[in-house]
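S.K.: If you want the building blocks of each chain, they are given just below.
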Amino acid sequence: MNPSDPTPVLRVEGLGKSFTVHAAGKHLPSVTDLSFAVHAGRLTALVGPSGAGKSSVLKCIWRTYLPESGRILLSTGSGTGTDNDAVDLAAVDEHAVLALRRSAMSFVTQFLHVLPRQGTLAVVAEPLLALGVDAKAARERAAELLRALELPERLWDLPPATFSGGEKQRVNLARGLVVRPRLLLLDEPTASLDAHAAGLACAAVNAAKAAGAGILAIFHDPDLVRRLADDVVRLPAPLQPAA
Amino acid sequence: MIRMNELSTPVPPAAPLAETRLPIIAARGLTRIHGPGCLRCLESTGGTTGRNLCPHCRSVVAVAGVSFDLHPGEILGVMGESGSGKSTLVRLLHLDDRPTSGTAHWRGTDEGGHALEVELTACDAAQARWLRDRRFGMVYQNPHLGLNFQVTAGGNIAERLLTAGEGSFRAIRDRALSLLDRTEVPRNRVDHKPGHFSGGMQQRLQIARALAPRPQLLLLDEVTTGLDLSVQARILDLILEIQRRTRVAMIVVTHDLGVVRLLAGRTLVMRHGRVVESGITDQILEDPQHPYTQQLVSSAL
Ligand SMILES: Nc1ncnc2c1ncn2[C@@H]1O[C@H](COP(=O)(O)OP(=O)(O)O)[C@@H](O)[C@H]1O
Ligand SMILES: [Mg+2]
Ligand SMILES: [Zn+2]
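Quick note, the sequences are listed as chains Z and H, same order.
So that you can map any letter, position 134 of the first sequence is 134 in my numbering, and since no number is skipped, the others follow by simple counting.
So that you can map any letter, position 37 of the second sequence is 37 in my numbering, and since no number is skipped, the others follow by simple counting.
Hints are not guaranteed to be accurate.
To be verified - Here are a few chain Z residues that face chain H, going by a calculated C-beta distance under 10 Å: (1) 17; (2) 36; (3) 66; (4) 95; (5) 117.
Note that these hints are calculated values from the structure, not bench results.
For every residue, glycine included, the Cβ atom is placed at its ideal position computed from N, Cα and C.
Chain Z extracted, bound-state conformation:
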């Protein structure tokens, strides 16, 4: 935690999430009473054993999962330093969540759900276009990121569907960074990259951090936590073995 920064980008308070699988008559706890903060210009790593609920936490923040209890306070950047300055992602309506996804946060996962025929440069530029940025500026910013991640230029017009895992992951990361989100959520963003590409990805993440983004990340490799994390949040082992 960083006490000198009283208004974190994200404050999670008492987050709880479980799944009820009706057909199996099962209730599976996933996250219990979790609290932490993510600060501007810093990276918080979520660590813990497999099944501890790391990805569930990110998905609750993104609202792919419906949080069950607690608050998920995202700073709106108005800078008044009070609770009124934040919006509770666990409580706001769907339209507000969708608007915040466009303007204030990005989620980089290992999967890319995009239109089958769309070219890579367009895929990366799209979040900017959705915000009304002019097409030329959007393409330039997308190109800069793809160049920095060393995705060969001959691939830029092709749809990423046929790319290797590592190439797709770089496209995904570029798409997540293109908008300069206030909050960046990363779920194993370098899992399928070789050492060189992983180094480029780390540099890109550090650049986002230096530009002021608050980052919450899960890394498959403890070495990356040591290299990139400013704060660490440790999740306990699951109460019940996860499926």
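Starting from the known structure of chain Z, fit chain H with the ligands onto it as the hints suggest.
M.R.: Chain H with the ligands alone, transformed into the frame defined by chain Z:
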């Protein structure tokens, strides 16, 4: 060295938090019962009864108590199995059918671009025709419902522009060609009748015809059902591109989870005429709450 933090591309201001934009459609309690209806129709259908046929009066409860808001520029998915009431719902909005009860409020603009509100469930025949001709577009699973097979591709678009009040031959021809381009129907097919087209091209022509008067609401009912996957992909791409370019609000009806995943920001799940669950599409697919949605999603995996 990577110095992305120094890039000069301007970052747009964050969108306002409270979406103050008013919905283009506000539906409340829409209900459509086929048959005489009785006092026990609603309690005897839906929920855990597992049916939409009232055992007391043999009426079909096609849609019951459906409420939602559709915002400008939004794509709303309506997902459910065959018979769940999806087509009835869009037919009510398109004024092809009238509800037994409930309201649907439309907010748009008149011919002069001034704000106009119409209660769809109470409008007269002339108003309904005006809305269908100039403000709404509908694309059906069956191309015979959305196209005139007696006239050419160009004629199909011209017909719709004429009913929308376009009088200049030149303007009609130019608009028809640009719509064919946009929906990837080759210009050299402009004088061919749709019966000679592939299924995918018929659907693209239907989309072109629906878009001709620049509608403010586009309703798409199972438009990719029954087509090959690559043909479907082309149509889905096209729909998103249209949405991106024109910002037209859309309701996309489908039984296919893949279609809502790609197209819809939010989704309603229907069963026996009821909305059993609604939410952000990826939440519906990854954290479904209702037992029925859970079953739908897990059986599609
Ligand atoms: N004109 C009608 N008369 C009687 N029943 C109808 C009529 N139209 C639809 N239905 C019934 O209403 C229910 C919902 O149908 P529909 O809206 O076509 O569902 P979907 O589009 O989800 O397949 C079905 O049981 C259907 O048989
Ligand atoms: Mg139908
Ligand atoms: Zn009855």
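S.K.: All hints, please: hold or fail.
M.R.: A quick look at each hint next to the structure:
1. Residue-level restraint check for residue 17(Z) holds (minimum Cβ-Cβ distance to chain H is 9 Å; threshold 10 Å).
2. With 10 Å as the threshold, the beta carbon of residue 36(Z) stays out of range of chain H, its nearest partner Cβ sitting at about 21 Å, so the hint is violated.
3. About 6 Å separates the beta-carbon of residue 66(Z) from the nearest beta-carbon of chain H, less than 10 Å, and the hint is met.
4. Checking residue 95(Z) against chain H by beta carbon gives a least distance of about 5 Å; that is within 10 Å, so the hint holds.
5. For residue 117(Z), the interface hint holds, the least distance from its beta-carbon to any beta-carbon of chain H being 5 Å, beneath 10 Å.
In summary, the one numbered hint that this structure violates is 2.
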